[in-house]
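Chains as they are written, first to last, in the working numbering: chain F, -15 to 325; chain X, -15 to 325; chain U, -15 to 325.
Hints in this document: simulated from the structure, not taken from any laboratory.
These numbers were taken from a predicted model, which means no experiment stands behind them.
Where hints are given, some of them may not hold.
Same chains, same names: a pair is fine if it fits in one copy or spans any two.
[What the hints assert, rightly or not] Distance condition first, Cα-Cα at most 25 Å in a straight line; then the derived BS3-like pairs of lysine-lysine:
no., residue 1, residue 2
1, Lys299, Lys314
2, Lys77, Lys(-5)
3, Lys321, Lys46
4, Lys294, Lys246
5, Lys321, Lys177
6, Lys246, Lys46
7, Lys31, Lys322
8, Lys276, Lys299
9, Lys46, Lys(-5)
10, Lys77, Lys294
Okay, here's what each chain looks like letter by letter:
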Amino acid sequence: MRVSLGELAAKFGCELIGDPEVEVSSVSTLADGSPGSISFLANSAYKSQLQVTSATAVVVRKSDAGHCPVCVLIADDPYLTYARIAAVLYPVKSFTPGVHASAVISPSARIAESAHIAAHVVVGDDVSIGENAFVGPGSLIGDRCEIGASSRLIAKVTLVQDVFLGQRNIVHPGAVLGADGFGNAQSASGWVKVPQVGRVRIGDDVEIGANTTIDRGAIGDTVVENGVRIDNLVQIAHNVQIGEHTAMAATVGISGSVVIGKRCLFAGRAGVSGHVTICDDVIVGAAAVVTKNITEPGVYSSFFAAEKDKTWKRKVARFRRLESLNERVKQLEKAIKKNGG
Amino acid sequence: MRVSLGELAAKFGCELIGDPEVEVSSVSTLADGSPGSISFLANSAYKSQLQVTSATAVVVRKSDAGHCPVCVLIADDPYLTYARIAAVLYPVKSFTPGVHASAVISPSARIAESAHIAAHVVVGDDVSIGENAFVGPGSLIGDRCEIGASSRLIAKVTLVQDVFLGQRNIVHPGAVLGADGFGNAQSASGWVKVPQVGRVRIGDDVEIGANTTIDRGAIGDTVVENGVRIDNLVQIAHNVQIGEHTAMAATVGISGSVVIGKRCLFAGRAGVSGHVTICDDVIVGAAAVVTKNITEPGVYSSFFAAEKDKTWKRKVARFRRLESLNERVKQLEKAIKKNGG
Amino acid sequence: MRVSLGELAAKFGCELIGDPEVEVSSVSTLADGSPGSISFLANSAYKSQLQVTSATAVVVRKSDAGHCPVCVLIADDPYLTYARIAAVLYPVKSFTPGVHASAVISPSARIAESAHIAAHVVVGDDVSIGENAFVGPGSLIGDRCEIGASSRLIAKVTLVQDVFLGQRNIVHPGAVLGADGFGNAQSASGWVKVPQVGRVRIGDDVEIGANTTIDRGAIGDTVVENGVRIDNLVQIAHNVQIGEHTAMAATVGISGSVVIGKRCLFAGRAGVSGHVTICDDVIVGAAAVVTKNITEPGVYSSFFAAEKDKTWKRKVARFRRLESLNERVKQLEKAIKKNGG
């Protein structure tokens, strides 16, 4: 898609420095700019790259706009404006409504005329698929699932059963929503499966990453609210609740019945123990393990950064002898006391 | 399914306090009970919820049964009895025997008359599928796999090849069993793949979670014994052996050739290094990393709980200076000695 | 496949001690050897097993060859030579060229005559599939993907779009390459998706494990160079670059824009924070979290080994009181000074 800078400036309320007739048709980094590309500068620390960019235009903050040798669109939040411009330049591939001949559809399924059901999809009983929804190739939509208008299941998505997806969701390949939670009761002869009978309810404008798993509730539902972002290979166990606009990076693991507030951020590999409640606006650092309720917004951590194995091992050895170090300090304190210290 | 309390009491050997004619048809939590639902109280700490539940009946321990305003089924282990009642109320969906027209089946495959092969399944050479087995939509059963009677592959399960599944197993969507283990030999020109020629052997009554991977053995087999429970996104490497009734929560990772005993429990994100042996009845805590053999039953841990980033960082800084703290204590000891302490 | 020891010795440049006419047809461990099997001894510590093996032949180092009761092939690197022999004994299953009737192929796709497209595969627009490539059942090859000659997608592999696979690659089931990276810009009304428009470029001779995810670049490409080995359930985020012959064990997570050198090794569950650069020949230990650039080859670690929960908790408690221990040492230092220590 080719768009003029004048059009972009008008559409996104940017001040334009340069020729409004100039067109861009691709995005680039500052370093890899090329004629026709538009780039952005979000972090002023990289400002020097503006001087050498071969991009046709850049989106920058007002304070970074001076002396830029190429066309400039000024925005309060260049990254956000870049995101919106990129969405114009790279529109989502359009699709033809209809059901592919190879799809296998239950007679009780209700599929909107404008929806697209791709090759090798299977749609179960009493499923409902909304207007302009896209169900990509190889996906499985199990019994009683509902897919809201304009939601896109890219490909090979599995909604096992009783999964309610709202509108404008994006679900990436390999994601499995609605599998049984991990419920097992102990008996004298081994584990007895605890039937998982709850649902998965996903709000609107949610994005769910590749190979991520979101289990159905054991009794009640597993709930993901509007605007949540979940990256790849994330595990969301049964009966978890995730508040609006919370985001989770890849390989995060959330145990059963955890309740997470709004606008939380989970860095990669963070984990939460079962039945923990986390309030709004909490940031959980990389690889941190949350084991108790968090009632105060802020950043929470519990990881050690990698360092040379030799120095790390020395520290671990000292850590192992903390008890005896403490004992030695105690002896010193006694000795000092005796000496009248 | 509607069932009378009298019938449930008789079936599961419970004492019933209340009208045996009363029927229940669903399960609920105590808090979200509704007419016709049955709930349970497993943890006496939540006993007060019994007073306010709107469930029609509850399963409780004898000691918790007093003053309960609704019908009561008394059980030694309320959670276990609840699990069995739920299985009555929510029977597994029945299926019609037969092979879907869209399935692609090798002529050398032997499929029991009573088995169900769903849409878009592919069945390879010399496969054997037992009585009442269910192979859900989009699954792949590779060459020489065997699926025992009454096993259920929910959907999109991949048995790559040479996978032996016993009876009454449940495998959830996206699970991949029998992929090559990670075997690489170094050569002057880079990695040389070490052919993986072993099998995967799964016992009876095993449940395997969504998107979990269990690799085939390098030479011998990867073995999962009867009654094991494995949650989502778990990695079981080549030649691992897992003893009966062991359970693993989501995102656990078990490295190659690890041998795990019976009745072990692995909390979420626990990991085990290659070639380690773990005896029976071991509990490995969340995110713990087991690097040496464990020969004594008990609980093993190695994680730090998340806390406020500021206080955490202060502790990490102190940890980094443990060597110098130790040195300071040594100096003090010398000084005290000199002072005749 | 049956092969004589004489033939193997000639093919791989080994000295043979024993009858060159003797044939082997399978591989085994030393402990589980059987007539017709060939085994190997890579670690001299297990040398005693040579005496009791029932294998027909073993591959050993010269220094371990003495007194071995069975046929011996002498090799400088027994594991490497074993790998090559195993590849002879267990050749990759051959396939018939052609496209399965159930596959759905875009008319604009170019598929080599010698390639095999299995059942229920979907091939998108402008795809190119090279000579002798194998696309296993249930795979999806999205728009504009290229698969080089002799690459094998075992089954159920998803190349979402714009994925370039070189030659002789192996991709295991459930792997998802080319899904959108995790790019989100904050706005007053919630997250705004940042279009991900880069590609995934995989070199030659790469192996990618089951259920692993490799995201497309945000702007530029995500790049995996020749000879890289990636195990199961690994996350490779957008714009990561992985140098030649680097290997990553299962459940490793690499955040966005990380640059990794050649010949690095990542043990299981290791992770790297965003935008970090790691030089060649770095070994990252199990569960280590790399947060800063690494500019020097060597081993890097940051994990604690699991131990009995009781002793672990005691250490953690001491760790929590490091600040006060430090304070106590400070007081002692003052007291000593006062005492003239």
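Please sort Lys46 with Lys(-5) into within, between, both or neither, judging by C-alpha distance up to 25 Å. within (18 Å within a copy, 69 Å between copies)
Identical-chain pair category, Lys321 with Lys177, by Cα at 25 Å: Answer is neither: 62 Å inside a copy and 65 Å across each miss the 25 Å cutoff.
Check Lys77 against Lys(-5) for me: Cα-Cα at most 25 Å, and say if that holds within a copy, between copies, both or neither. Within. Shortest intra-copy distance 21 Å satisfies the 25 Å Cα cut-off; inter-copy 53 Å does not.
At most 25 Å between C-alpha atoms: does Lys77 with Lys294 qualify within a copy, between copies, both, or neither? neither (52 Å within a copy, 46 Å between copies)
If the cutoff is 25 Å on CA atoms, where do Lys299 and Lys314 land: within, between, both or neither? Let me know, please. both (21 Å within a copy, 17 Å between copies)
Within, between, both or neither, where Lys294 and Lys246 count as close if Cα-Cα is 25 Å or less: between (42 Å within a copy, 22 Å between copies)
For Lys246 vs Lys46, is the C-alpha pair at or below 25 Å within one copy, between two copies, both, or neither? neither (31 Å within a copy, 41 Å between copies)
First find the shortest C-alpha distance between Lys321 and Lys46 inside one copy, then the shortest across copies, and answer within, between, both or neither for a cut-off of 25 Å. neither (65 Å within a copy, 58 Å between copies)
Given a CA cutoff of 25 Å, do Lys276 and Lys299 count as a within-copy pair, a between-copy pair, both, or neither? between (27 Å within a copy, 19 Å between copies)
When no copy is named, should Lys31 and Lys322 be tagged within, between, both, or neither for a Cα gap of at most 25 Å? For Lys31 and Lys322, the Cα distance exceeds 25 Å both inside one copy (64 Å) and across copies (55 Å).
Figure legend: structure checked against the earlier numbered hints; hints not met, in rising order: 3, 5, 6, 7, 10.
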